[in-house]
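K.L.:
Chain residues, written in single-letter form:
There are 2 protein chains.
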Amino acid sequence: MQTATDHLSTTFAALADPTRRAILARLSNGEASVQELAKPFNMTLPAVSKHLKVLERAKLIRRSRSAQWRPCYLEAAPLKEAADWVEQYRRFWEASLDRLGEYLRELQKKEKHNVSKKRNGKKN
Amino acid sequence: MQTATDHLSTTFAALADPTRRAILARLSNGEASVQELAKPFNMTLPAVSKHLKVLERAKLIRRSRSAQWRPCYLEAAPLKEAADWVEQYRRFWEASLDRLGEYLRELQKKEKHNVSKKRNGKKN
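Taken in sequence, the protein lines are chains A and B.
The opening position of the first sequence corresponds to residue 61 in our numbering, with each subsequent residue numbered one higher.
The opening position of the second sequence corresponds to residue 61 in our numbering, with each subsequent residue numbered one higher.
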């Protein structure tokens with residue numbers, strides 16, 4: 061089932077790294093050079109370049125060919141497909157959060173019941 | 061920055077495979093055994109088991125320990141964190157879709173202009 065055009069897998073694989081996600085977050089504040097991107101990570105330029113190549117292949121960033129310092133820009137379009145895919149499961153995580161909430165309320169109720177039982181026990 | 065508790069990277073990595081996404085889609089219709097999951101993919105059981113292990117480590121599925129056929133269940137909770145992360149970029153992909161729409165409208169306008177110019181040229 062894996063095909064060359066499986067964009068969604070390429071997008072998710074690119075997002076599966078905290079440094080690459082931090083680079084995207086930085087670029088959401090505006091264009092940046094490789095040097096600027098490398099700074100906060102205390103990484104070598106080749107290491108950052110490697111991450112940028114992954115992001116570029118996934119079409120999550122674009123690098124200017126003209127300017128000498130070749131700034132990087134965020135390209136968010138592939139994230140729409142990722143959001144659409146994940147969104148299908150919203151009702152399932154909402155249901156599991158509801159169940160968790162119910163369980164916690166149940167626990168609190170029991171806790172209250174036990175506390176008042178103890179208090180009544182002491183009074184008698 | 062990569063830590064043992066970087067759930068988000070584990071989630072995205074688990075989603076970066078079309079077979080694993082298809083398994084989650086199948087489980088959204090209800091529990092299934094490894095045999096049932098293997099059928100539509102024409103895969104060997106060990107190959108499917110490998111994918112299930114990745115999904116289980118990412119806490120996207122749960123396998124029953126009690127029943128003999130050990131059915132798998134969807135666990136959608138980690139997808140909420142993934143959705144929340146991607147959602148931060150909505151305004152960027154919406155902006156880029158807007159720009160694309162504008163560009164297409166501009167192209168159509170030019171096309172119309174050229175067609176009417178050609179017609180007028182023929183008339184004269």
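Just to be clear, a hint being listed does not mean it is correct.
Copies of the same chain are indistinguishable here, so a pair counts whether it falls within one copy or spans any two.
[Claimed, not checked] The list that follows gives simulated cross-link-like pairs (lysine-lysine, DSBU-like), each with its CA atoms no further than 30 angstroms apart:
(1) Lys113 x Lys178
(2) Lys170 x Lys119
(3) Lys169 x Lys140
(4) Lys140 x Lys178
(5) Lys169 x Lys119
(6) Lys119 x Lys178
No wet-lab data here; the hints were simulated from the structure.
K.L.:
Classify it for me, Lys113 with Lys178: is the Cα-Cα distance of at most 30 angstroms met within a copy, between copies, both or neither?
P.N.:
neither (64 angstroms within a copy, 46 angstroms between copies)
K.L.:
When no copy is named, should Lys169 and Lys119 be tagged within, between, both, or neither for a Cα gap of at most 30 angstroms?
P.N.:
between (51 angstroms within a copy, 29 angstroms between copies)
K.L.:
At 30 angstroms max between alpha carbons, let me know whether Lys119 reaches Lys178 within a copy, between copies, both or neither.
P.N.:
neither (63 angstroms within a copy, 39 angstroms between copies)
K.L.:
My question is about Lys170 and Lys119: at a cut-off of 30 angstroms on alpha-carbon distance, are they close within one copy, between copies, both, or neither?
P.N.:
Close across copies (29 angstroms), not inside one copy (53 angstroms); limit 30 angstroms.
K.L.:
Is it within, between, both, or neither for Lys140 and Lys178, if the alpha carbons may be no more than 30 angstroms apart?
P.N.:
Neither way: Lys140 and Lys178 sit 55 angstroms apart in one copy and 40 angstroms across, limit 30 angstroms.
K.L.:
Can you give me the call for Lys169 and Lys140, within, between, both or neither, at a CA distance of at most 30 angstroms?
P.N.:
between (42 angstroms within a copy, 28 angstroms between copies)
The structure fails to meet hints 1, 4, 6 from the earlier list, while all remaining hints are met.
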